[in-house]
Amino acid sequence: MYKIIYNKKISSNSYEMAVKAPLVIENFIPGQFCIVMGKEDSERIPLTIYDTDKDKGILYLIYQVVGASTLELSKLEDELFSVSGPLGNGNEICSNIKEFKGKKICYVAGGVGIAPVYPQVKYLHENGIKVDVIYGARNVELLLIRPKIEKVVDKIRYATDDGSFGTKGLVTDLLEKNINDYDYVVTIGPVIMMKFVVDVCKKYNKPSIVSMNPLMVDGSGMCGACRCKVDGKVKFACIHGPEFPGDKVDFDLALKRMNIYKEEETKLYDKMKKEIGVDKHE
Amino acid sequence: MNDEKVRGKIQDAKTRVKNFDEVELGYTKKEAIAEASRCLHCVNPRCVQGCPVGIMIPEFIKCIKEDNLEGAYEVIAKSSSLPAICGRVCPQEKQCEAMCIKGLKGDAISIGSLERYVADNVGEIKLKKPKSNGKKVAIVGSGPSGLSCAYDLAKAGFSVTIFEILHKPGGVLTYGIPEFRLPKAIVQKQIDSLKQLGVEIICDVLVGNTISLDELEKEYDAVFLGTGAGLPKFMGIPGEDANGVFSANEVLTRINLMGSFKDDSKTPIKKVKKAYVIGGGNVAMDAVRSLKRLGIDAHIMYRRSEEELPARLMEVGHAKEEGIVFDLLTNPKEILVDENNNVVGMNVVNMNLTEPGEDGRRGVVEDESSLHKVDCDMVVMALGTSPNHSAVKNSKIELSDKGLIVVENSKTSLKNVYAGGDAVTGAATVILAMEAGKKAAQEIIEKIK
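Line order of the protein sequences matches chains A and B. At position 142 of the first sequence the residue is numbered 181 (my numbering), and the sequence of numbers has no breaks. At position 64 of the second sequence the residue is numbered 96 (my numbering), and the sequence of numbers has no breaks.
What the hints contain is simulated information worked out from the structure, not anything from laboratory work. Glycine included, each C-beta is placed from N, C-alpha and C at the ideal position. Keep in mind that the hints are not guaranteed to be accurate.
As the list claims (entries may be wrong) - Label-pair ranges, simulated between beta-carbon atoms:
(1) B:232 to A:93: 34 to 42 Å
(2) A:105 to B:294: 17 to 25 Å
(3) A:42 to B:305: 53 to 61 Å
(4) B:227 to A:185: 46 to 54 Å
Claimed, not checked - Far from chain B, some chain A residues (derived; all Cβ distances over 12 Å):
(5) 44
(6) 92
(7) 206
Sequences and hints are given; from them, build the entire structure.
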C-alpha cells in the first residue's frame, strides 16, 4: 500500500495523483514509466511518471480517465494498492546528455502526452540543453500543466482543434512550419498523432523518437502483451522501450493492437460507471 | 497379490472443466496410510537418489504409516522448503517414483501424493525465527529458486530480503501454474512460513530499474539471482502480431495472477470459440486446460508426436480426460487475420519425424504437400523463453552464448553474487529451480560466515 497525498482533477478528463513511493522514484530517469493497481483486485495499468520529489519520496502521476481502471483510480483517496517502477528505459537524450549538447530538440506532445514530456524537458533544461515544445489538445481546457512546462522550455507553441488557445489546427502543422529549426524530434501522445508527427519528420529527414504505450500486464518482459513491431522485429515496449526510433515503428499495427480488449473494456467501463458513478469525462 | 497403488479422489472431468478448483483432491488418512504401507523401506532407497533435493523418503513414509504427521513433516522439511508445492508439481514419474523398486514390476509408491498429504494435513507449523548471524542476503525474484534459497538461508540465521516485481510473491507458482493444479492458498501458506522465519518480501521492485544490482551488492553480504526464465518466444511466422495471438505467459498471468477467470474480474481475457495452444510442454498444458475452463474449444498443436510431448504424463492424461484435442505432428506456417487484425485461422502443415539426433531427440521435417487451413480465433504460443537481462543490465556479469547467467558452484562471475533456476538453466521445472536455490544457499552459508 502506498499513501496517496492527493488525487485531484486537473481537467474535465484528467487527474493528478501524488503518492508516497520513494523506491519508485529513487533511480527514475525521465522517459521511464510505472505500473499501478488501484486496489488489490484491479487491473495492472502502465502510467506516466510526470514528476518526482526525491527529498520527500513523492511520485506524481497524471492520467486520463479512459476506462474502468482509470475511473476507479480517479476515485481513490487514501491508498494506492501497488505501484512498481521505474520501468522501461530512460529517454535517449536524457540518458546521453553529452551527445546532444548543442543540438536543437523539439518535443511534440498531445493531450496527456505532456505529462511524460515534462520531466524530460525539465531534466534537459537543468542540464543546459534548450528544448522547444509543441503542445496540442482538442481545446484550451485540455491543455495541462501550462505554467509548469512554460518554466522549463525555451519556446512553446500551442495548437488546439477549435482555436481556443494558440494556433487553430494540429501539432503537425506547427511542426512542419518549424521543422528546419531542429535536429531531433521527440513525440509523445496518442498513437495516431505520433504516426503523423513521424511522417513529417520522415518527409524532412529528421530523426524522431516516439514513446509507445501499448497494453501491458507485468511490465517486466514476462508476458509479451506489449509487443510492437520495430524495424520488422518484435520488441517488447516494457523492457526494450518504451521509446523507439519513430521511423522504424509499425504504427498501423500498434493502432490495431490497442483494440485487442476493446469489447471487454467497454463492458467493464460501463459496469464501473454504474458501480461508482462517473463525473462527466467525455 | 494385488498391489496396485491407492488412487486419491479426483474431480470428475466433466465437472472440473467448468471450474478452476483443484483436480486432485488428495489422500484421506486411510488412503495415505494404505499407500504408505506399500513401501518396502529399502535399505538403500533408490527413491532418495531420484529426488533432486534428497528427501529421506522412506523415513517420512514410515511416519505416515504410524500416523505421525509432525514427524513426517520434520523429515521432509530437513530437505525441502516447499513440500505442499512439490508434492503437487514435481515430475515424480521421472524422479523419485521412477527409481522406486516397486515400479519395476507394478506401481511405484505414490511419493508425490504422500508428500502432499503430509504438507496439507500437518496443521499449523510454528517456525521459530533463528538467531541472527548478522549477515544480509538479497534475493532477486520470489519464484521457487528464490523461496528455497531464502528458506535455507533464514534457517541458518541470515537476514533475507526478497525483491519481487509483481504485486504478489511466488513467481511462476503464482502467475504461471493454474489454481486447478496448485491452489494459490497453498502457495500463500508456504510463503507465510518463510515470513515466520523472518524473511522480508518486498514486492513492486524490478531489480535493474528500481534498485540496481550494484546497489544490492553494496548493501548486502551476498545476492542471489532467481529471476526466472524470461521473455516468451514467438515463432516468427506471418500474422503472429494479430490481436488474437498471445504468449502462454500472458494468458496464464491474466487468469492466475489477475483472476480473469472470475466473472467480476477487472482484468479482461478473451473468451473466444476456438483456440490453439502451440507447444507440448507443461506450460502448454496449463494454458490449454485453463482456456478449456473458460468454455473455449481448446486444442494443442505440437510438431512432434505424443511420445515426444515434454509435458508430464499426468497432465497430458488430465488434459485428454477434459476433452482437449491434440493435433500432433502439425505445425503452424501462417496465422490468418481479418481486416481488423483478428485471428480467423491458421495455415498449418503436417510433420514427419526423423531419426533421433545426437541429443537423442527426434527431429521433424515438414510435409509441404500437406498445407491446409484450420479455423480458430485465438493462437497461444507456448514455445519456451529467451533470457531477460533486466536485473543484470549495466553489470559485467558473465553470460553464456545463449544469454544465460554463467555460474560455477552457484556463483556468478561477480563477487558475492549467486544465481540459480531458469535464469541459469533456461526454462526447466519447479523442483530443479528449488534445488538450485538450495545449493546456492549452501554455498552462501559456507562462504559468507
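Each hint tested on the structure:
1. A hinted range of 34 to 42 Å is violated for the C-beta pair residue 232 (chain B) and residue 93 (chain A), which are about 24 Å apart.
2. For the hinted restraint 17 to 25 Å between residue 105 (chain A) and residue 294 (chain B), the CB-CB distance of approximately 23 Å keeps it satisfied.
3. Checked against the hint of 53 to 61 Å, the pair residue 42 (chain A) and residue 305 (chain B) fails, with Cβ atoms roughly 46 Å apart.
4. Checked against the hint of 46 to 54 Å, the C-beta distance between residue 227 (chain B) and residue 185 (chain A) comes to roughly 48 Å, which is consistent with it.
5. Its beta-carbon lying about 18 Å from the closest one in chain B, residue 44 (chain A) satisfies the requirement of being farther than 12 Å from that chain.
6. With a least beta-carbon separation of about 17 Å from chain B, residue 92 (chain A) lies farther than 12 Å from that chain, consistent with its non-interface assignment.
7. Every beta carbon of chain B lies more than 12 Å from that of residue 206 (chain A), the smallest distance being close to 35 Å; the non-interface claim holds.
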